[in-house]
Structures are given as structure tokens and as C-alpha cells.
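Trainee: Protein chains in written order, with my numbering: chain A, 1 to 396; chain B, 1001 to 1396; chain C, 2001 to 2250; chain D, 3001 to 3250.
It is possible that part of the hints are untrue.
Stated by the list, open to error - Facing chain A, a subset of chain D residues (Cβ under 10 Å, in silico):
id: 1; residue: Q3037
id: 2; residue: A3039
id: 3; residue: S3040
id: 4; residue: H3050
id: 5; residue: I3088
id: 6; residue: T3244
Think of the hints as simulated: they come from the structure by calculation, not from any bench. Glycine included, every Cβ here is placed at the ideal spot set by N, Cα and C.
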Amino acid sequence: MSTEKIKNSLKTGSDKDGYFGEYGGIAAGENLMNNLEELKKAFEDAIKDKKFLDEFAYYCKHWIGRPSPIYFAERITKKIGGAKIYFKQEHLNHTGSHKPTNTLFQVLLAKRMGKKKIICESGAGQHWSAAAATAAKFGMPIVGVMGKIDCARVNQNLIKAKHYGGKLKIVEGSLREAITAAIKEWSNNPDYYYLIGSTCSSSPFVDIVRYAQSIIGKEMREQFMELEGKLPNEIIACAGAGSNFTGSIFEFLDEPEIKKVVVEAEETAALTNGTKGIQQGMVTKFLQSDDGSKSLGGSSLGAGIMYYGISPQLAHLKDIGAIEASAASDKELLETYKLVAQNEGIGISFEPAAAVTEALKRAKGKPKDYIICATACGRVEKDLDVIERLIGKDFE
Amino acid sequence: MSTEKIKNSLKTGSDKDGYFGEYGGIAAGENLMNNLEELKKAFEDAIKDKKFLDEFAYYCKHWIGRPSPIYFAERITKKIGGAKIYFKQEHLNHTGSHKPTNTLFQVLLAKRMGKKKIICESGAGQHWSAAAATAAKFGMPIVGVMGKIDCARVNQNLIKAKHYGGKLKIVEGSLREAITAAIKEWSNNPDYYYLIGSTCSSSPFVDIVRYAQSIIGKEMREQFMELEGKLPNEIIACAGAGSNFTGSIFEFLDEPEIKKVVVEAEETAALTNGTKGIQQGMVTKFLQSDDGSKSLGGSSLGAGIMYYGISPQLAHLKDIGAIEASAASDKELLETYKLVAQNEGIGISFEPAAAVTEALKRAKGKPKDYIICATACGRVEKDLDVIERLIGKDFE
Amino acid sequence: MIAYFVACYPNFEKSLEIIKKSIDAGVNICEIGFPTQEASGEGIVIKNAHDHCLQRNVTLKDTIKLAKAVRNYNNDVGIILMGYMSNIFKYPIKNFVSDLASVDVDGCLIVDAPHELREENELRNLMNKKNLSLIKLVAPTTKEERLKKLSNLFSGWVYSLNFSGISGSKSANLEDVKNMIKKIKTYTDLPVCSGFGIKTPGDAKKMTQTGCDGVIVGSSIVEYIGKNLNDTKLPKNVGNIIKTFVEELK
Amino acid sequence: MIAYFVACYPNFEKSLEIIKKSIDAGVNICEIGFPTQEASGEGIVIKNAHDHCLQRNVTLKDTIKLAKAVRNYNNDVGIILMGYMSNIFKYPIKNFVSDLASVDVDGCLIVDAPHELREENELRNLMNKKNLSLIKLVAPTTKEERLKKLSNLFSGWVYSLNFSGISGSKSANLEDVKNMIKKIKTYTDLPVCSGFGIKTPGDAKKMTQTGCDGVIVGSSIVEYIGKNLNDTKLPKNVGNIIKTFVEELK
Ligand SMILES: Cc1ncc(COP(=O)(O)O)c(C=O)c1O
Ligand SMILES: Cc1ncc(COP(=O)(O)O)c(C=O)c1O
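Chain A on its own, in the form it takes in the complex (with noise of 0.2 Å):
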């Protein structure tokens, strides 16, 4: 996809089999290994078809509202003291977060394979409310599943969804007990279309939705070379199976140069605390009891960042050195909305108050000159309730 060949490029996808180095692969039930096979020529073949990319990019254009800018975060980086703090603005995308650039590719997609109906998993309602809006603009039906706990505080989502025609399936559980059942109501239905939110699962969906998503990176390239002439130092960006972070590196994989930050949610945060292990379809890291019978991990704030497992790629590039993990707590994250509000005047989801919370500790101190840009993958307004709940009186 890169257009220059480089020897030992990182920008190559997952091999024949599906994995990047020793994670990822297939660990599907044989009813799906048809579904996947098909799929992964569909991917294939789309994205060898200009006609094909050019609609993804006009919808992305017209619908989504992209390319999303780059926004110069001037107070913050003065109070910090240190790096240029850059946002790339994901949350100015149509519905709000970097998710609907993969439902619209993948709903072209299903279209394209001659799908009738889609289905799809759901952590922080994110991902549902692009799938159904995304389902609705193209007149396929959408059924989505999604844990009860997440249902629970991402309600304005779920509103939305409905209210585009989604109908919605509630499981016991989170994001995890989400994809299973989405994946077992496919394996019912091998001939819906599954449409899943991030970089994780079976191949080739990692490379799928990193696909749709890397168009971040690339916006970013650009951008930053009109406005600053040069790349950013560091992209920072956060994390649940890590579709957004993978978006906003890939372009610059084999730029090592480029420090590449992902940031998980400290509670779930599989890339430092996991094991290696074979779960969700993948080979890669999960916080897992040491049989492997069980999930671990505890809850952060951040719904869409609450996930146990991690995107196979992203188990690899920080083995191999090419990314470094972190995470942030749920008191840092209502401490970065704050500053982000008070000062940008942007009302953030927790979820990239994570990547902004690492962004402020790296900046300071940095060069003036260096750059660092955290990706602001979401908008507050599901938050909201919980945020005004929790510290509404500090800003009285």
C-alpha cells in the first residue's frame, strides 16, 4: 500500500497466514473459515479497484467530513511548557469519533460482496452508532450486540443508533462477552456481513480496519508538511484492540525516527500487563488468568478503551521495538478533559484524554520545536453525564 518498496517494511500487513511475527493468525471455528477466506479476496480485490476507493473516498469527503484537521493545542502547550502539543481532530468526524472511516469502508465493502445485512460488536457504542448510521445511508439492515455494562453509560449512543434503524442485541458483560456473541450470531449467519469496530479478531480483519484507518496517518503527513513543514516527533494515540492507534502510525512504520506512543487504559491495559495467549479469534496479548480460561483486567472510564486484549499488529511492534505502550488512570483522564476543555475549548471523550494525558507528561521539558500529536479520537458527548456526575463541581 506504501508506494515506494522498502526492504523490511513494517507497512506490509499481516503474512499469507494472517500473522504479524508471532501474533494474530486465525482462530476461528471451521463454519467461518469461509467467511474469512471470502472476505479477505473481497478486501483484496477491493482495494485494488480505483472505482472502489474513490467512492470510500468521496463518502469519507462528503459524509464522514474528513480529512479531519490537525489542531495546534497553543494554551495547553504554553501551560505545559515544552513540546508543540498538536490534536489530530478525529472527534470532527460524522458521529463523532475515528470509527465511521471503518464502517463506511467495510459497509462499501459488504455491499460490494452482494451482502444483505450486517452485524456488529460494540464497546463504548462508538463503533454501533457509525455502524447504524453508516447501515442507514446505505439502506442495509444492521443488527449490533453490546455488553450491559457499556450499555449503561454510553446511552445517548445507543439512542442514536436505534433512532438510525439499528436494532440492538444486550449480552452480560463488556466489550469481550460483545464480540463473542457478535461472532457467534455471525456463525449463525454466515451470510450477514460482520462488520467489526477495531484491529483485533481473526485475519484478515486486523488488516481490514487498519486499512480504512490508516487514512489518519496519511492526512497527518500532509497536514503537517503544509502547516510545519515536518513531522511530529511523536504520535500518540490511544487504545482498546487499537484501530485508531494503528490508524495514526501506520503511515509512519517505517520512520522510526517517529516515536509511536499507544496508550491504553491502566486498568485494561494488555500490551504492558498481557500474556501472549489465543482468544477473540487472535494470537497476541491478553490480560488473562494463567490458564487461560478467564479474562482479567478491571474497568476504566473509558469505555471504548476498556478492552482486554489488544490488536495482534500492535503485540508485535512492541516487541520488535517499533512502538512503545503506556497507559493512563481514570483520575488522569478526567484531569486531561479538564485542561483540554478550560483551555482548547475542546470537550474530549476520555478515551483520547488518554493519548493527551501522555502527550502533557512527554511534552514537558521537550524542545520547543519538537512536535508531539496525540489523536483526539472522540467527542465528549456520551461522556458527558458521567463527567458532570463525577466533577461537575469543579467547575462551578
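Got chain A sorted already, so can you dock chains B, C and D with the ligands onto it with the hints?
Mentor: Here is chains B, C and D with the ligands on its own, set in the frame of chain A:
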């Protein structure tokens, strides 16, 4: 502001006394006259200053995320059968409406004037949250005034503005009372900058807000020429006092072949049902009692288009036949919201639903190459709970 | 002394009675405000009085009727109407001026009608023809150059605003007022009266040291009326309050 | 007849007793599932049984212990473990295979380990060396070309899925199953057993008409156990149920 000078151009702004034909002017207390004069000079100065305009353009792009794209509403177009219906996607702007373009322009103006504090009014809370966000971005304290009736139904905007650091004063009534109360605050503090939210009140406010918002139409021209190779046949936008509509059509005022249709809330359709009067700092059409002592008009679901007056410029343009006026009912707003959500995957707020309602009516039966562009000036979040309460069951 | 009354507050009869007693107490000019929802220059006290009257459908017509009754009671006292353009514009202007003249009122004062407003020009011209005064205001924020322009339009007397803001909201700074009166007087020989922020006879007394030719008392009288709406001795008591002002001003 | 049991459901002793009684009733192969949270191929019945065992901390080790006890009870019955890669990978794979061999189990079947998964290859190679069968599945969605590839990997017998979906969710279409068995048999001489959607002895009987060499009954047995957890006669009753299946299949 237009590059070619056209004889009898309608794009000249108000005359030397601040009038548009027989409407407009200054009906303010003596203690505000100096402020208004100072403001007028500062405005005229600023828009001759390339550096200032560049700064405005820079933040429009990077902070607000302009240009907002145009979007071909393909499925609705097919459903209606007739003209191509386009949306100008102002809801993709930061804070979710057209409002921040104006608040950005005026906060920059306030800074340029050396003002240290900002005051504003708001109806739907969209202007309030946009103004508070902008003030936060530039580190300016801000006080807002809203009517109790409006506060109750746009709670999310109030929380957001609070988080940005805005201090809200709540008064009895609705937008009318909020404007009166804000003007009073300003009278008491003439050293503040009064950041008005729409094309109303005394000169030069109408020209200032129109200047900022006319970027909407400018973008439309470029975008339609690029995408369709021609301009739309009709431009439709809703109006409370009229900033969104004026911004959408100003660019095309000297092109009478382009129809321009303003849509008010049926309950407060000042342009259609109002009579000439002098209130709220201006001469214009109002819904008022015969003796001019009381305002009239009912309540609309569209909090942002529930204003008993109208921009004096629009009163003038309607009188001379340069624009047409229409209105939409609550029932229509709900139906249109539903249609757009389910067919285009876009959740618009009640205000733009008024414009789209009119677009649907006019599209029917028109030739296939006839283009109608409706400005989608707000996203649904602030109205979501009300919609869910009123017609939530329709989506089940 | 100039006293401001809200027309027909709390009703026509009592309002008339209050004004009569005030005249008896020595008021020189009665400023009679006609109610409007707009009231953008008014603080909460006067605004509430306006709302009270609006609920009872008091109109500008009623106000003129009241002014007529006042004139019938006393031929010498100054009477001016005070209010907002909205009502006058709808009256409409021409009829307003002829009605004013016919009830022998001295003039009027419009809060929201600067001379930049064409409708103000229309009103002023018609009033001039009928020898009625359109009282102009000067604010602390009024610049010298503008004051000069305004001075050509002064008629009757000049209303000097003691502070920028709405009625009843602040207290005046004596030194500032003094300088302002002085400045105005370099441009006009007409009487200059000082208004806003004068709440007690003591305030009024102090104000005379500023060189002004009269003081205007508004909110504090309206407030007293508002607090004693049902008191049968209300007119008499207002008269007594006015008397305490008049005494201090002697 | 092949019966699926969740290991240690409801507990080790009762589970062992249930399996013993089932063997007595004529089961040919015991499929013993080891519990996991993942269970992405399982319907609500089996999922609940897994959760029950996970709450009681049943591990793959316990499952192997159970298998050992079953083998001790009966030397002829087929025993295979069934489950997901997660637990085996963590066991880890090498130890899993040697433990399997040491308790004299016949093989295992992994729901989420297609031959494309490298870890499956590792497991399969090790098992082959120990003469253990890694049972492969064929689904209705499995294409001819893939079936051909799979047939080279078949070991022990073939698990033919009667429908695409999760366990316990649907009923099988007899005609489809028939065609599928036929297709599989063109590629292999190993026994082909038919699983999913077989709930009653009647279902099992019908299934024999498809040409399969055995039927697998899962959810309906697990469901019965789940509904009678505290019944002291539970093992005996399960045995009786198995007997009704076995009778029909004679
Ligand atoms: C706003 C937001 N940001 C980030 C994420 C994390 O997802 P991913 O790791 O795929 O980027 C989510 C997931 O729901 C989200 O809603
Ligand atoms: C979303 C939205 N659209 C439209 C309007 C109407 O304002 P105007 O007439 O100034 O465009 C408002 C005002 O609050 C609004 O919030």
C-alpha cells in the same frame, strides 16, 4: 466584500445608518452608543487587516474543522423523486453547528479590541456552548444569559459550556428575554465585549455576524463548482434570527436565478406573519401585539429557531423579493428528522430539519438535474432526549 | 425634582392619585413611563412594575389618558412621557405626537432611540413642530464629539445618566457626575438633570453638589409602590416620601 | 453414539458418575469439554455449564484428571477432549500432549483451531507423534477445495457440523446433512460423525439415514444436567437418557 463591484449589488451590507432598506438601524440606549460605534470601527478595521483574516481562516480550518462538506443525500433524493437534495454539513463543525464560525470571528475581534471579558445570550444553547468553547480557547472569561424555558431542553449544551468555563445567568422566558437581559448586562459593563449569536440587534451586529457566517455560502460555491460543475438552483436554510440562512445565501445575493428560501418555525414565523416594529435594538418584523408592548408567538421544538423577530436584512430582502419565506411545524420537524436519520445516517437537530422539510417539498417532481441545497446547521445531540421521548417508539 | 412613575401602576386611579399627591408634595416634573415588555434599560424593580401593568393590558393610550388627567389637575407641573420606541412606532408616531400635543404634555424621553435612528428623527421633527421636547440623554460613555452633535438636538432639558447601566443597578460616583455635568454645560444652557442611582433624599442632596439643575428619582419610588400595592394610604405615603426629597433639595 | 459432557459439571464426582453411567448405557465416545470463558462456538446451554464450572475454578488439568478417571473405569470407550485453544496454549501445548498421552485419551477436538493456525500445526504434529487424534471439523460452509485439503489432516474420525452456527441453536436439515456426509466420504475412509442440532432420540434416528457413522449429542444432555443439578439420581437418569438414544440408534 465581493471582488467585482456590481451596480445595485445586494452584497454591500447595511447603509451608513445601519439600515437595510427600511429595516435595521440602531435602537439602543445612549450608554451603548459609544460601544456600538467603537465596535463598528473595529470591525471595519479588522476586515481590512490581512493578518486578522488569516488568523480567522487558520482557526476556522484547524479548530472548527472548516470547510464543512456538501453532501448529496442520495437515498432521500431517490425516495422523494425529483431534484437532487444536498446538505451543507454545518453540523460537522466543532461544537456541532454553524455557530462557532461567528463566535470565533467575534472573539478574535474582541481580542483585537483589547476586551477582557465577554458576554452573550443564547436560545438553543448552541451559541452559548460555541461561545464558551471559543472563549476558553482564547483564555477569555465569559458570561452567558439564557431563558429558563430553553435551558430545560438543551441541558447538554449548558453542561458543556460550564465545562469550558462559562458562567451562565438564567432569566425568565426564552431567547427574547435572554437578549434583553444580555444587553442589560452589557449596559452595566460597557467594557465587556457583547458576542451576539445571530444577525439581529443594532448595527453593526447584523453585518458582523453576516460577515463571519457568509463563509458558508463561499464554501458552497467552491464545493458545488467542484462537484457538480454548477451552482444549486435553490438554497434553503432555517432561521431563528437568521445567521445560518444569511450565511448560506449572502454569497449568492447578486444571482437572482438562485432561489433562496428561509424557513422559520411555524410558531414564530416573523417574516411571514410579523409586522414591522422597533424592538431588541432594531427595526424589523416582529410577532407582536398591535400596540408593540408584547411579543407573540408559540413554542417550537426547534429551540434555535424560536425567535419572535428576524434579521432586518432578511425583512428587507423578503420585501424586495430577493428571498422567499416558509415555515415548518413540529410534526414536520420530527418526520424529517426520522427520514434523514433512517435514510442518510445523519442525526440532524430540529432547526435544520425545518430547512430539509422545505427542501423535500420543493424537490418533488423537479427535474433530476435540479439541485436543492439545504444547510444542515446542527447535530441532534441536544434534541435527542426530546425526540426519544416523543417518537422513540417509532424506531422500535 | 423629577419623579418617575410607571403609568397606571398599580392601576389608573391609584396611579393618578399618587401623581397628584406627588405634585402636591412639590415635584417639578412628572416622568410617566408607559409599559412595555422590552424595557431593556430597566432594572428588576421597574421591569416588574411594567410587567404588572402589561398583565392588566395598560397601553400607551392609557398612559396618555393618565397624563391628560394629571394636566387637568395641575397646569404648571412638567409632564413628560418616558418609554421605548416600540409602542410609539406602533401608535404610530404621527398620532402619538398629535395626542401628546392635545393633552398638553411637555415632551417625552425615549430610552432606545438615538438620533441615528431614522424613526427618532421623524418623531423629533414632528415634536419640534408642535413645540414638544424630545429629551435627549447623555451617558458617561458619550464621547465629547458626540456630545457636541447631541447638543444641537437638546430640547427642554438634558437627562444626564449617572452611570452606564440599567436603572436601579448601581450607585453614582459623585466626582464623575460633577465632571460630566460640567462638560455638558459647556455645550448647552438648558437645565441638566441627573438621573440613575438616586435612592434616598441624602443621595439627592449630595447630587446637588454636582452642579446639576435637577435630580430624577425612579426605582426607589417604584419600589415603594410595589411593596405597598394594597395600602389604602399609598398615594399619601408616596407624597410624603417625595416631600422628604423636596425638603432636602431646598 | 458420541456424547458431549462439560468436565466437572456439576462437580468432579458427579460428572465422573454421569460419564460412567453413560458408558454403561452404551456411549461409544465421550467428548469431554474443558471450560473456558471464550466458548465462542457454544450456545447458551453449554455456555452456562462452562460458567458454572469456571466459577468453581475447574481447569484443563481437572479435565485431564477426569479423563484419566474415565479411562480407569473403562478401557474401550473412546475419550476425546473438546474445547478452545486458549487453555491448551496456556497449558502449554507440549505438556498438554504428553498429559493426554499419559492418561490414555484418544485425542481432542478444538473449536477455534483451523489448520491455518500455526499453533494448531504445532499441536497436531506433537499429537501425531504420540498417536493421538486431532479431530477435524467440516462445516456446511466448507468449500470442496478446502475439504480436499482438510482430508489430508483428518485423524480418528471427522466431525461433520450439521449447520453453521453455535451449538444448540437450530435444527439440522436432513437432506443437506446427507449431501454433506456423502461429499466428505468421497475424500476419506474415516468414520464421519454428525453433530449439532440433535436433541431427541428421534433426531438421532433420523440422522442415521444420512449415512453418517455416528451422531453427537451435546446440548440436550447438558441441558438436562443443568436442570437437575441437585438431583441425587442425576447420573443414573442421564444414563437412562443416553440409553434411549442408544436404543434408537441400534
Ligand atoms: C472514542 C473512542 N476512541 C477510541 C476507541 C478505541 O478503539 P480502537 O482501539 O479501535 O481505536 C473507541 C472504541 O470504542 C472509542 O469509542
Ligand atoms: C442548530 C441551530 N440552527 C439554527 C439556529 C438558528 O440561529 P440563526 O437564525 O442565527 O441561524 C440555531 C440557534 O441557536 C441553532 O442552534
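Trainee: Evaluate each hint against the coordinates.
Mentor: Here's how the hints hold up against the structure:
no. : hint  : result
1   : Q3037 : holds, 5 Å
2   : A3039 : holds, 7 Å
3   : S3040 : holds, 5 Å
4   : H3050 : holds, 9 Å
5   : I3088 : holds, 8 Å
6   : T3244 : violated, 28 Å
Comparing the model with each numbered hint stated earlier shows that hint 6 is the single one that does not hold.
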